[in-house]
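Participant: Listed below are the residues making up each chain.
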Amino acid sequence: MLRAEAADGRPAGGRRPSAGWGLLASELGVLFRRRRTWAMLLALAAVPVLIAVAVKLSSSAPAPGKGPPFLDRVTQNGLFVGVTALVVSTPLFLPLTVGVVAGDTVAGEAGLGTLRYLLVAPAGRVRLLAVKYAGAAAFSLAAPAAVAGAGMAIGAALFPVGPVTLLSGDTVGVGEAVQRLWLVALYIAVSLLGLSALGLFMSTLTDVPVGAMATTVVAAVVSQVLDALPQLDWLHPWLLSHYWLDFADLLRQPVSWDSFTANAALQAGYVAVFGALAYGRFTTKDVLA
Amino acid sequence: MNRTWKRWMPAAVVPAVLAAGTAVSAFQANTADLPAKTPAQLIEMIAASKVDTLSGTLEQTSDLGLPELPATGPGANAGAASALELLTGSHTARIYLGGPSKVRLQVMDRLAERDVVRSGNQLWFYTSKDNTASHLTLPAASSRREVPAPAQTGTPAELAQRLLAAADRSTEVSVGPDTQVAGRKAYTLMLTPRAADTLIGQASVAVDAGNGLPLSVSVRARGQQDPAFRLAFESVSFQTPSADLFRFEPPAGATVKQQTVPQAAPSTKASHPAAKGAKAKTSGRGWDAVAELPAGSLPAGFASSGVLSQLSRPVAGGRLLSTSLVNVLLTDDGRVLAGSVAPERLQAAAAGR
Numbered sequence: 010m011l012r013a014e015a016a017d018g019r020p021a022g023g024r025r026p027s028a029g030w031g032l033l034a035s036e037l038g039v040l041f042r043r044r045r046t047w048a049m050l051l052a053l054a055a056v057p058v059l060i061a062v063a064v065k066l067s068s069s070a071p072a073p074g075k076g077p078p079f080l081d082r083v084t085q086n087g088l089f090v091g092v093t094a095l096v097v098s099t100p101l102f103l104p105l106t107v108g109v110v111a112g113d114t115v116a117g118e119a120g121l122g123t124l125r126y127l128l129v130a131p132a133g134r135v136r137l138l139a140v141k142y143a144g145a146a147a148f149s150l151a152a153p154a155a156v157a158g159a160g161m162a163i164g165a166a167l168f169p170v171g172p173v174t175l176l177s178g179d180t181v182g183v184g185e186a187v188q189r190l191w192l193v194a195l196y197i198a199v200s201l202l203g204l205s206a207l208g209l210f211m212s213t214l215t216d217v218p219v220g221a222m223a224t225t226v227v228a229a230v231v232s233q234v235l236d237a238l239p240q241l242d243w244l245h246p247w248l249l250s251h252y253w254l255d256f257a258d259l260l261r262q263p264v265s266w267d268s269f270t271a272n273a274a275l276q277a278g279y280v281a282v283f284g285a286l287a288y289g290r291f292t293t294k295d296v297l298a
Numbered sequence: 188m189n190r191t192w193k194r195w196m197p198a199a200v201v202p203a204v205l206a207a208g209t210a211v212s213a214f215q216a217n218t219a220d221l222p223a224k225t226p227a228q229l230i231e232m233i234a235a236s237k238v239d240t241l242s243g244t245l246e247q248t249s250d251l252g253l254p255e256l257p258a259t260g261p262g263a264n265a266g267a268a269s270a271l272e273l274l275t276g277s278h279t280a281r282i283y284l285g286g287p288s289k290v291r292l293q294v295m296d297r298l299a300e301r302d303v304v305r306s307g308n309q310l311w312f313y314t315s316k317d318n319t320a321s322h323l324t325l326p327a328a329s330s331r332r333e334v335p336a337p338a339q340t341g342t343p344a345e346l347a348q349r350l351l352a353a354a355d356r357s358t359e360v361s362v363g364p365d366t367q368v369a370g371r372k373a374y375t376l377m378l379t380p381r382a383a384d385t386l387i388g389q390a391s392v393a394v395d396a397g398n399g400l401p402l403s404v405s406v407r408a409r410g411q412q413d414p415a416f417r418l419a420f421e422s423v424s425f426q427t428p429s430a431d432l433f434r435f436e437p438p439a440g441a442t443v444k445q446q447t448v449p450q451a452a453p454s455t456k457a458s459h460p461a462a463k464g465a466k467a468k469t470s471g472r473g474w475d476a477v478a479e480l481p482a483g484s485l486p487a488g489f490a491s492s493g494v495l496s497q498l499s500r501p502v503a504g505g506r507l508l509s510t511s512l513v514n515v516l517l518t519d520d521g522r523v524l525a526g527s528v529a530p531e532r533l534q535a536a537a538a539g540r
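Those protein sequence lines, which keep their order, are chains A and B.
For the first sequence, the positions run 10 to 298 when this note's numbering is used.
For the second sequence, the positions run 188 to 540 when this note's numbering is used.
Here chain A stands alone, though its shape is the one from the complex (with noise of 0.2 Å):
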């Protein structure tokens, strides 16, 4: 929802180099304003606290190689929580909270009737898809973060934190423990924004944000799905989520960066993609709305 004042009070004709820049600003302002962000924000964090705390609370400590990974540290290394929080919210939480921030920024705009309006400003159509896109971006870097941070805190606040085991059996220090889980959270960042551009061509395709929303979410899971049936293992260097848990590559010692750069690359062709056919449909399309 652009507020109105951002794009309005422009002369019709040229186009000022800083109109993308203050769209930009305005559609983060209205995104990270909404109750709906904060709320699934918040949801977000809630993970790791109640991770933490059932397991504060359990009277037994997970046993080793039980439950998600990584719940057996819990109990030694607060930062742990961020893990295991991740671990569980990438399947489904994080995609489910970003297909709805990204199913509704055009198709909501549009089933509120704003969309017009927004048209109706020299930004132009393309501007305005690239900064819509860019406030779904945003969100996909700030939910893993509010899991991560929420993590950190929560681990800290409930269990002892010291120097980190890693997957090799290496311990490292705990400044360099939080870089890793920061870069963790970057990765799965990246992850996402092949999805938020699959919800933002989804959200050109309607006016009604909640089918958007749905689509995006369903296709999420469809393609894990996909990716754990072995008898298509052709496809799966294709699917948009078959990188999603290898950021543990980065817990290894040395990092290893091979699945990091293949999924940057692997999301950025669906970026490209799906940003072409948003391109078609939002260029082309009739707005009625």
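Just so you know, the hints here were simulated from the structure itself, not pulled from any lab data.
No false leads were slipped in.
Below, a sample of chain B positions facing chain A; criterion: calculated Cβ distance under 8 Å: (1) Thr191; (2) Pro197; (3) Val201; (4) Pro202; (5) Leu205; (6) Met295; (7) Leu298; (8) Ala299; (9) Glu300; (10) Asp302; (11) Ser315; (12) Asp317; (13) Asn318; (14) Phe435; (15) Pro438.
We treat Cβ as the ideally placed atom computed from N, Cα and C, and that holds for glycine.
Following the hints, put chain B in place on chain A, whose structure we already have.
Facilitator: Using the frame of chain A, we list chain B on its own:
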């Protein structure tokens, strides 16, 4: 209308460009042009290869026709499944060599890792899944005489040496087209069994053109186009890895097990009454040899374990475990016959014909 088409253009062009880009890079990856060499020269190159410092990523794929085993869950049999797990599916591992007795192998599982670290005669195994470490001190003699540590049996070099050792007059050795493995130009050495009734169609070894290090080994079953087994470097660099990698200390909170090296002195083993009987008998030579283990050489209960009945099927005279490269016949009287031959040959050998 024209304008509409123009705006949909990127949506058509972008996927086409991406597809073309992937196809071109996949095509380019496999071409190289090197001065011609004879098979004998290549074998000499491998033998003379002295690479003891490297860091690289290994990719292992097996397509033996075995079903994928559930690693967890009610149907899983922990011991047998983890042993057979290496035969199904694919694995990625990183390997670091920092001199003659410094090795680190990291098998990268999803959200977990298995490590083998060897520094001098100190050997560590670490599993991140249950946070356990095992420590082993190799006998002092092994620092002089090279003992094959588990980590070293995993490289293409080791496999290639074994294949070449097995290659004798029963094998036709030839040089295949030049290739590229892990971005390095390589010769291809092809080993084709002359025996008509072996299941192995061809084994090929890619030999680094620069330093003679085998970069990949793949084995193809007869009549199969894709390799049934392949072990290859995905990336490799020959710089000395950081010394920190070979300094392993069990992390705080890990369960540490001290293990002792099983005393494998041959004189004591031969005098052991049980060991005398459990000697493998081999009939035939070369690629179509059949190995036979007498009754009682398998651990008790193995034959009736769930995993085995999942993998094998009943045939005349026992149960057959069939893969595209090897057939194993477990006879009803407890003997085990194995070989890269058709099941009928195993059954005939079991009947004493």
